[in-house]
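**Q** Sequence:
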Amino acid sequence: MSNCIIGIAGSTRPDSLNRRLVHVALAGAEAEGAEIDHIDLRDLGIPMYDEAFEREHGMPDGVRRLREALKRSRGVIIASPEYNGSLTAVLKNAIDWTTRPDPESPGDPPLVAWRGKVAGLLSTSPGGLGGIRGLVHARAILSHVGSHVVPQEAAIPFGHDAFHGDGSILDENRHALVESVGRAVATLAARLPRD
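Numbering-wise, my numbering puts 1371 at position 74 of the sequence shown, and it's gapless, one number per residue.
FYI, nobody ran anything at the bench for these hints, they're computed from the structure. Just so you know, even glycine gets a beta-carbon here, dropped at the ideal spot from N, CA and C. Among these hints, one or two may not hold up.
[Claimed, not checked] Quick list of simulated restraints, FRET-style, between CB atoms:
| no. | residue 1 | residue 2 | range |
| --- | --- | --- | --- |
| 1 | Gly1425 | Ala1473 | 32 to 38 angstroms |
| 2 | Gly1382 | Arg1310 | 36 to 42 angstroms |
| 3 | Ala1328 | Phe1350 | 37 to 43 angstroms |
| 4 | Gly1342 | Asp1468 | 34 to 40 angstroms |
| 5 | Ala1349 | Glu1401 | 31 to 37 angstroms |
| 6 | Gln1449 | Gly1355 | 25 to 31 angstroms |
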């Protein structure tokens, strides 16, 4: 397993500010020698988790694709807007689905998609707090499913005015901070023992 780091934005908006943030952090991970990949939750078409749906239809293909990508990775960088003081429903739903056992992979240990992965957290929003309250919930959830969440995090306020047209962050210090989250994820992921 290479030192693959996956980036996920907790937004399905086509011009998501948090998707831009993920790409800045992934550049930091790549600078540390990690192989990087970006997964767009919008492309996966994941339905809301419902146990009755799961019993009737099984694991949706989009969930299986995300779960397999997470299994192959060593770490994940997540940037999510804050909705009412928490992370987005689309992100929480993706986490919930990917913690479910896959009947097509009966030998997988519990929480295989997340356990032992290194995670980095980011947020940006139009408001003055940058979405930081949602990061508290994201950190608790990822820790609960067995991920090692790095202490570095970044919340970029006034997101609509924070980016250049090319997706880089206007403020060089904030740009470096976001890249440092990616670097921290890649560095720790490379140091942890491989399965």
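**Q** Take the hints in turn and mark each one as holding or not.
**A** Verification of the hints:
no. : hint                                     : verdict
1   : Gly1425 with Ala1473: 32 to 38 angstroms : 21 angstroms, violated
2   : Gly1382 with Arg1310: 36 to 42 angstroms : 19 angstroms, violated
3   : Ala1328 with Phe1350: 37 to 43 angstroms : 41 angstroms, holds
4   : Gly1342 with Asp1468: 34 to 40 angstroms : 36 angstroms, holds
5   : Ala1349 with Glu1401: 31 to 37 angstroms : 20 angstroms, violated
6   : Gln1449 with Gly1355: 25 to 31 angstroms : 38 angstroms, violated
Checked against the numbered hints given earlier, this structure breaks hints 1, 2, 5, 6; the rest are met.
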